[in-house]
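> Residue numbers (our numbering), protein chains in the order written: chain A, 1 to 322; chain B, 323 to 811.
Just so you know, the hints here were simulated from the structure itself, not pulled from any lab data.
Here the structure is a predicted model, which is why all the values come from computation and not from measurement.
The C-beta atom is built at its ideal place from N, Cα and C for all residues, glycine as well.
Check each hint, because a few of them may be wrong.
[Said to hold, decoys possible] Stretch by stretch, here's where chain B covers chain A in the computed footprint (C-beta under 8 Å, at least three residues):
1) 128-137
2) 205-218
3) 226-240
4) 246-256
5) 295-307
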Amino acid sequence: MAKLKLAIYWSASCGGCDVAILDIKEKILQVAEIADIVFWPIALDFKRHHVEAMEDKSIDVCLFNGAVRTSEQEEMAELLRAKTKTMVAFGSCAHLGGIPGLSNFSNRAQAFERAYVEAQSCDNPDKVFPQTITNVAEGELELPEWWDTVKALNQVVDVEYYIPGCPPTVPIISQVVDALAAGQLPPVGTVFGSDKALCEECPRTKGEKKIDKIYRPHEIIPDPEKCLLEQGIICMGPATRGGCDAQCIKANMPCRGCFGPTPGVTDQGAKMVSAVASILGLENEKDLPAERVEELMDQIKDPAGTFYRFALPTAMINRKRM
Amino acid sequence: MKRIVIDPFTRLEGHGRIDIFLDDDGNVANAYLRVPEFRGFEKFCEGRPVEELPRITPRICGVCPSAHHMASAKAVDAVFHVDPPSAAKKVRELYYSAHMCHSHIAHFYALAAPDFVLGPTADPAERNLLGLIAKVGLETGTEVIKHRAYAQDIQAVIGGKATHSVCGLPGGVSKAVTEDERRDFEEKSKSMVEFGKLSLKIFDDVVLKNKEYVDLVVSDMYTMKSYYMGLVDASNKVNFYEGDVRVVDSDGKEFAKFKPANYLDYVAEHVEPWTYLKFPFLKSIGWKGLVEGKDSGVYRVAPLARLNAADGMATPLAQAEYERMYQTLGGRPVHHTLAMHWARLIETQYAAERMVELCQDPEITDPNVRTIPTATPDEGVGIIEAPRGTLIHHYQTDEHGMTKKVNLIVATGNNNAAMCMSIKKVAQALIQKGKEATEGMLNMIEMAYRAYDPCIACATHSLPGQLPLEVVIYDAKGKEVKRLSQYLS
Ligand code: SF4
Ligand code: SF4
Ligand SMILES: [Fe+2]
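Bound conformation, chain A alone:
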């Protein structure tokens, strides 16, 4: 088999996804065996103009991490899409928008005001903001423009596969490498990971899920053997795709949903709302007094920021541009 041509790219990302690729250790040698890396900004000195010079669809696979939030990043996504046969959204940010997607609760002007003027340590009486173009004595200095809205990769270009996780785990990256090596890729649209909800791979014992009090993680010391939700701690397990090996839960902390919605579900938060409603005994809401419903739901702090922690840009509630 001819060697694959592989590109790895980052956009609005934290770098953790690239570290995750390095963390596969000896497996990286297998990558080198099956693929030539033709573009990887953190490691190789190939530039955008090299990619521009490539023929369309000449890159076999592109692993794209990070969300898209500047015009420059959008251009790179489009360029790589044109040159690539198989586009893979790698990690929560590219897959769903990720944590930076929480930016969609506000806009650029508010974010700049907060960071550059209002921040307690700022000494900026003239309200100087970073500018796309600044004229200094010696010449012109340019900065890329920051958008109001963060997007997931498939809101900008077509995507064939998704690798979930913030960051993706070593076993899942290995699974993808093996699939590439064998030339056996699953159907287009596949999200790697499990086909089931995280709850199904969670090692904790589960009984009847019925609670009437919700606790925040710092408010109680949970029993390490029992389901967290049954102990009143909001855990995204029911609404989240499995496959991470329940990493956070094994560390005695609730899931925050980085693997994204369960198969067949597009809106992770909506799914979680119904899961929580049923646990709180609200599925027969009509039979309960309104105050009681309110009282129960009020216990959930910041439902939007918790249920859509990693998936706000791809959620129904954030379809509209601000």
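Given chain A's structure and the hints, the job is docking chain B with the ligands onto it.
Relative to chain A, chain B with the ligands alone:
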């Protein structure tokens, strides 16, 4: 006027660059280090339950996520006025010492050592980790990879995940260390102490026994006087996890010492329109621009600054080496930017020794690792020493612990002004009228900021070990006249 653009990370992808302007004579007029990315966390953390911030803020940077995780955990302790059990603090410190080892090892071997072992002007194709291994031997290479992995393992076991850990929450850590884990950690930590010695020996053999390199370290172009900042314990020894912030002046005299909660009385930030990264400075002195000396509020952080700001190291092997460094380089403080590498290895030795102490502390497996907060949450500051310097998280909440305001001063931000100045100084010394800019020269400019191990605003995403560099020289009309590029892999 000519312009030289050094894009240390990538050419066009917007992760950090340096613009050097030449005057009409071809001498350096000015240099701008610019960060073309902004992460916006200060805003979107608003409205989140504050106890969630230790799980949100690490995404500022996937290279030093554990530093943000710990600074955030300490800030939320302060918000809830809760003091974690002693065992929890020790578990956090153990986890965090492992992070320091991981980060410092990666930086020294992948980035710094190749310059010295292979030479600052060696062929870039060889001046990298692989070239280094070829020179120092595969055995050492294996040790490097092994110990970096040990440090990652310890973080993953305590933190749930090595990258973007989840263990820190108000009042402690989410799970205790078991006896089996402790034994494993102890073994790895002891091995790390030996590895620390090996690293210092390599530094000694390669750099200190080579007069040419010692001369380079102490040369004017790599020397800059400034204030220095770092966390110290009760006896003014370096501490990464906890203590007061101490600032010394360029004579090594204590200038300030303050509790984390009072940082706003000492530090302020200046904004320039040409970079997304702000410029912190000492408030009582004021922002005087990018200038050296005691009248300028510019201060430095990171390993050398920490050692300069302290009276010593809290463990024996590190202390012995601390003394040796100051004896060799003419007493405290040392202003030689390249001595940052030596200081980094002394800190690695300290972190390893501290890990052994913590692993042998009977309390480390105490199951009591949580204190449930009872006070009304309001406001708190968490300060830790990130591998790249002092890191400040400051949160304000309503009475339900919902976040109202977040202020962040990231480690590399503190060094923003100093890095701009160090780069300019080396560029001015090397790029001169009538002299052709060579790749070796450019690497020597790069060495000035590489010493700081910049993780610029934790936003440029430079991974330890990967620092592609490209320099483009334009003539006065903006036409490209020369292009040089290299990378370290
Ligand atoms: S998915 Fe997570 S690890 Fe990857 S870039 Fe986004 S924040 Fe970083
Ligand atoms: S437990 Fe949840 S938040 Fe944690 S890694 Fe798994 S999917 Fe992500
Ligand atoms: Fe960082």
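> Hint by hint, say whether it matches the structure.
Hint by hint, here is what the structure shows:
| no. | hint | in the structure |
| --- | --- | --- |
| 1 | 128-137 | holds (count 7) |
| 2 | 205-218 | holds (count 3) |
| 3 | 226-240 | violated (count 0) |
| 4 | 246-256 | holds (count 7) |
| 5 | 295-307 | holds (count 4) |
Violated hints amount to a single one, hint 3; each of the other numbered hints is respected by the structure.
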